[in-house]
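Number of protein chains: 2
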Amino acid sequence: MQKATVTILGCGSAMPTRKNFPSSQLLEIRDKQYMIDCGEGTQIRMCQTGVKTNRLGHIFISHLHGDHCFGLIGLISTFGMLNRTAELHIHAQPDLEKIMQPQLQYFCADLSFNVVFHSINPRKHEMIFEDRSIRVFSIPLKHRVPCCGFLFEEKARDRHIIREMIDFYKIPTWRIPKIKQGEDFETEEGEIIPNEQLTRESTPPKRFAYCSDTAYSEKIIPIISNVDCLYHEATFMEDEHVRSKQTEHSTARQAGTIALKANVKKLIIGHYSARYNNQTELLNEAKSVFENTVLGEDMTIYEI
Amino acid sequence: MQKATVTILGCGSAMPTRKNFPSSQLLEIRDKQYMIDCGEGTQIRMCQTGVKTNRLGHIFISHLHGDHCFGLIGLISTFGMLNRTAELHIHAQPDLEKIMQPQLQYFCADLSFNVVFHSINPRKHEMIFEDRSIRVFSIPLKHRVPCCGFLFEEKARDRHIIREMIDFYKIPTWRIPKIKQGEDFETEEGEIIPNEQLTRESTPPKRFAYCSDTAYSEKIIPIISNVDCLYHEATFMEDEHVRSKQTEHSTARQAGTIALKANVKKLIIGHYSARYNNQTELLNEAKSVFENTVLGEDMTIYEI
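Residue numbers (the UniProt record's numbering), protein chains in the order written: chain A, 1 to 304; chain B, 1 to 304.
Just so you know, not all the hints are guaranteed correct.
To be verified - Okay, derived cross-link-like pairs now, SDA-like style, lysine to any residue, Cα gap no bigger than 25 Å in a straight line:
#1 A:Lys-32 <-> B:Met-15
#2 A:Lys-19 <-> B:Asp-298
#3 B:Lys-52 <-> A:Gln-279
#4 B:Lys-98 <-> A:Pro-94
#5 B:Lys-142 <-> A:Lys-98
#6 A:Lys-98 <-> B:Asp-298
#7 B:Lys-98 <-> A:Phe-107
#8 A:Lys-98 <-> B:Gln-103
#9 A:Lys-98 <-> B:Asn-114
#10 A:Lys-19 <-> B:Thr-7
#11 A:Lys-19 <-> B:Met-299
#12 A:Lys-98 <-> B:Lys-52
#13 A:Lys-19 <-> B:Thr-199
#14 B:Lys-124 <-> A:Lys-124
#15 B:Lys-19 <-> A:Val-51
#16 A:Lys-245 <-> B:Ala-109
#17 A:Lys-124 <-> B:Tyr-106
#18 B:Lys-19 <-> A:Gln-48
#19 A:Lys-19 <-> B:Arg-84
Claimed, not checked - Facing chain A, according to a computed beta carbon distance under 8 Å, are these residues of chain B, among others:
#20 Ala-14
#21 Pro-16
#22 Thr-17
#23 Phe-21
#24 Gln-43
#25 Ile-44
#26 Cys-47
#27 Gly-66
#28 Ile-73
#29 Met-81
#30 Asp-95
#31 Ile-99
#32 Gln-103
#33 Tyr-106
Everything labelled a hint here was simulated from the structure, so no lab data went into it.
We put the beta carbon where it would ideally sit given N, CA and C, even for glycine.
Take the sequences, apply the hints, and build the full model.
Structure follows, in structure tokens:
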């Protein structure tokens, strides 16, 4: 069975630390890659983590603070040096294209591939992208600048075929894809074999939500409810809740509360303020509310 | 005695590797700091190296390839978050300002300090900056785009005063700075004590040259001749000299040859192509021509 994973390339906040680069994640679902945010040094983290990004076609940018997008120009330049040919799609607020075009024209004039910008409206919850494998929805967040998270929903997977039934009914190979999608099978004798006899339930499709940067906002709960994995920022500890309110960030306890109220299966926290050397304290605070919390760490792969 | 040092923050080439970030160095002379180039992740390397940059006022950009300047916007943003107040001066070709202004306006609108751009002409060898401690000269290099290196020349240091003579002649404290600068001293009895009797030779001022990126060019030799330390790029091994010529980079042997012909005291090589896992081979090649060569390594401090 194919696993869905998210690789955290950076989960620091605006100020980088020895441990954490700024925000970037690489989601892998059904052999495709989707990047979420691209802070400075993302391409370096990819290199250090040993991820190849041949299957990366789409990058989603949550908001236009530097720690979420300064790595784009370097990544694109490097893709150019590697003679990439596939289009690279960037989904972001329209200002990003305006700011990046002069840089692309100057530094990437002879690019071997097209960079295609797609405009997103961070204030609306809507489907912003769809391919054969997934749908991506925006999640309006509450931050100092317009900002949205992203919900990645895998499309229904094919049903699992029961090998013995294929042999028993001598089903020809060319019929199998349709049967996996739910069709019944008619034998040469005209007998109809119902699909349930030939297949088992498909693996439930995965759902992953990325919510950073955001103040505590219960408005997101209906959107992210029951996801397999939620990445939610936890910039501060609860004892800094005044500061977290001012800067429109969340505390670890608030991240845990959102996870609990949204009944998610797993919570990953991140976007830690540079002031915390010991991030275990942040983990413990989130865990005190929502037990199945894991500490986001740079260069680490998490199963969804 | 104050040491002059250069800290290599990154000495990779365009493509970052697990080991090397793109180009950036921090020169420290007489308690002042000067940055040369600022590739992506420079601020991260500073943080990992544990360098504070309170005394950094001037950044010199050799040329406008991304691996030499993509780190500027992140560095400036972070200085803003740290509430820096001192002006930051950037010496670069004028196009850099044009490209950076839209980014600065968008991402650094409320900056607590001024960023001042100074235009340099990479085709001319001239003094481009001077303060109480140093003079900086441009070194025209030979690259695919206009590019110059930098020669940092420390100004003459004060002579060393001989403590016993101060006591012997009862020289008042307020006279000492002038004596260090070479003045004679007249005793109360009207006797003139020549300066040579009161002081010893000053420490010779240091000279450091940065030459990256460049094809082999003997034109730079008169400019960098006899420097205490030369950083010269060595992107390739000699067996890739065709490729080095095409891309207008140098081989390790060529870097050694320049060091030898310019009679420098020490050579540091860097700007290694990502293809070399074992950089000792590059070191050995340069050493075969110029013995006192050291391997440039990220996050390492070199005495000049």
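Hint check: 8 Å Cβ-Cβ cutoff, Gln-43 (chain B) to chain A: 6 Å, holds
Please verify whether Lys-98 (chain A) and Asp-298 (chain B) have alpha carbons no more than 25 Å apart. Distance of about 34 Å is beyond 25 Å: violated.
Quick check on the hint: Gln-103 (chain B) CB to chain A CB, less than 8 Å? Holds: closest Cβ of chain A sits about 6 Å from Gln-103 (chain B), inside 8 Å.
Satisfaction of hint between Arg-84 (chain B) and Lys-19 (chain A), Cα-Cα up to 25 Å: 23 Å, holds
Against chain A, with CB atoms and a cut of 8 Å, does the hint on Ala-14 (chain B) hold up? Where the cut-off is 8 Å and the nearest Cβ of chain A is about 6 Å from Ala-14 (chain B), the hint holds.
What's the verdict on Lys-98 (chain A) and Asn-114 (chain B), does the C-alpha distance respect the 25 Å limit or exceed it? Cα-Cα ~24 Å, so holds.
Given hint Met-81 (chain B) near chain A, where the shortest CB pair must fall under 8 Å: 6 Å, holds
Within 25 Å, alpha carbon to alpha carbon, are Lys-19 (chain A) and Thr-7 (chain B)? 20 Å, holds
Decide if the proposed pair is consistent with the structure: Lys-142 (chain B) and Lys-98 (chain A), CA atoms, cutoff 25 Å inclusive. 33 Å, violated
Restraint outcome when Cys-47 (chain B) is required to lie within 8 Å of chain A by C-beta distance: 6 Å, holds
Would you check whether Phe-21 (chain B) satisfies its interface hint, that is, whether its CB is within less than 8 Å of any CB in chain A? 6 Å, holds
Given the hint that Lys-52 (chain B) pairs with Gln-279 (chain A), test it: the Cα-Cα distance must not exceed 25 Å. 23 Å, holds
Hints 5, 6, 12, 13, 14 from the list above are not met by this structure, while the remaining hints are.
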